[in-house]
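Q: Numbering (our numbering), first residue to last: 64 to 160.
Fair warning: there could be bad hints in the mix.
Cβ pair distances, simulated, as ranges [as the list claims (entries may be wrong)]:
{"no.": "1", "residue 1": "Asn94", "residue 2": "Gln124", "range": "45 to 51 Å"}
{"no.": "2", "residue 1": "Met87", "residue 2": "Phe145", "range": "35 to 41 Å"}
{"no.": "3", "residue 1": "Gly107", "residue 2": "Gln158", "range": "30 to 36 Å"}
{"no.": "4", "residue 1": "Ser97", "residue 2": "His122", "range": "36 to 42 Å"}
{"no.": "5", "residue 1": "Leu135", "residue 2": "Asn94", "range": "32 to 38 Å"}
{"no.": "6", "residue 1": "Ala157", "residue 2": "Asp95", "range": "43 to 49 Å"}
{"no.": "7", "residue 1": "Leu93", "residue 2": "Pro127", "range": "44 to 50 Å"}
{"no.": "8", "residue 1": "Leu98", "residue 2": "Gln158", "range": "37 to 43 Å"}
{"no.": "9", "residue 1": "Leu132", "residue 2": "Met87", "range": "23 to 29 Å"}
{"no.": "10", "residue 1": "Phe142", "residue 2": "Met89", "range": "17 to 23 Å"}
To be clear, the hints were calculated from the coordinates, so they are not data collected in a lab.
Backbone N, C-alpha and C define an ideal beta-carbon position, used for all residues, glycine too.
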Amino acid sequence: MLNILRVVGYLEGISFLVLLFVAMPMKYVLNDASLIPMSGMAHGVLFMLYLVVLFVASHQQKWPVSTFLMGLVASILPFGPFVFDAKVIKQSQAQPT
64 MLNILRVVGY
74 LEGISFLVLL
84 FVAMPMKYVL
94 NDASLIPMSG
104 MAHGVLFMLY
114 LVVLFVASHQ
124 QKWPVSTFLM
134 GLVASILPFG
144 PFVFDAKVIK
154 QSQAQPT
């Protein structure tokens, strides 16, 4: 489940960055809102999927609530999913198998 969380996290993070740094500037600087519907819908779907996968992964991994909340906060911050992913990987590598 961690691999799925990583993939969805990266896709969600990229979609958020595209929305913030490509589509929104195009809308407000160039008066071209053509990317907003597509990037907004993609980001919305990926955001919801990320939250579901985060919940399932945190349950399976028996993470403390604080780790789940950190992932939740990371999902609404630019670059947050990438930082959270690094923390999760570091944490999973530190755990004995």
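Q: Against this structure, judge whether each hint is valid.
A: Hints and how they fare:
no. : hint                        : verdict
1   : Asn94 / Gln124: 45 to 51 Å  : holds (46 Å)
2   : Met87 / Phe145: 35 to 41 Å  : violated (19 Å)
3   : Gly107 / Gln158: 30 to 36 Å : holds (33 Å)
4   : Ser97 / His122: 36 to 42 Å  : holds (40 Å)
5   : Leu135 / Asn94: 32 to 38 Å  : holds (35 Å)
6   : Ala157 / Asp95: 43 to 49 Å  : holds (47 Å)
7   : Leu93 / Pro127: 44 to 50 Å  : holds (45 Å)
8   : Leu98 / Gln158: 37 to 43 Å  : holds (41 Å)
9   : Leu132 / Met87: 23 to 29 Å  : holds (27 Å)
10  : Phe142 / Met89: 17 to 23 Å  : holds (20 Å)
In summary, the one numbered hint that this structure violates is 2.
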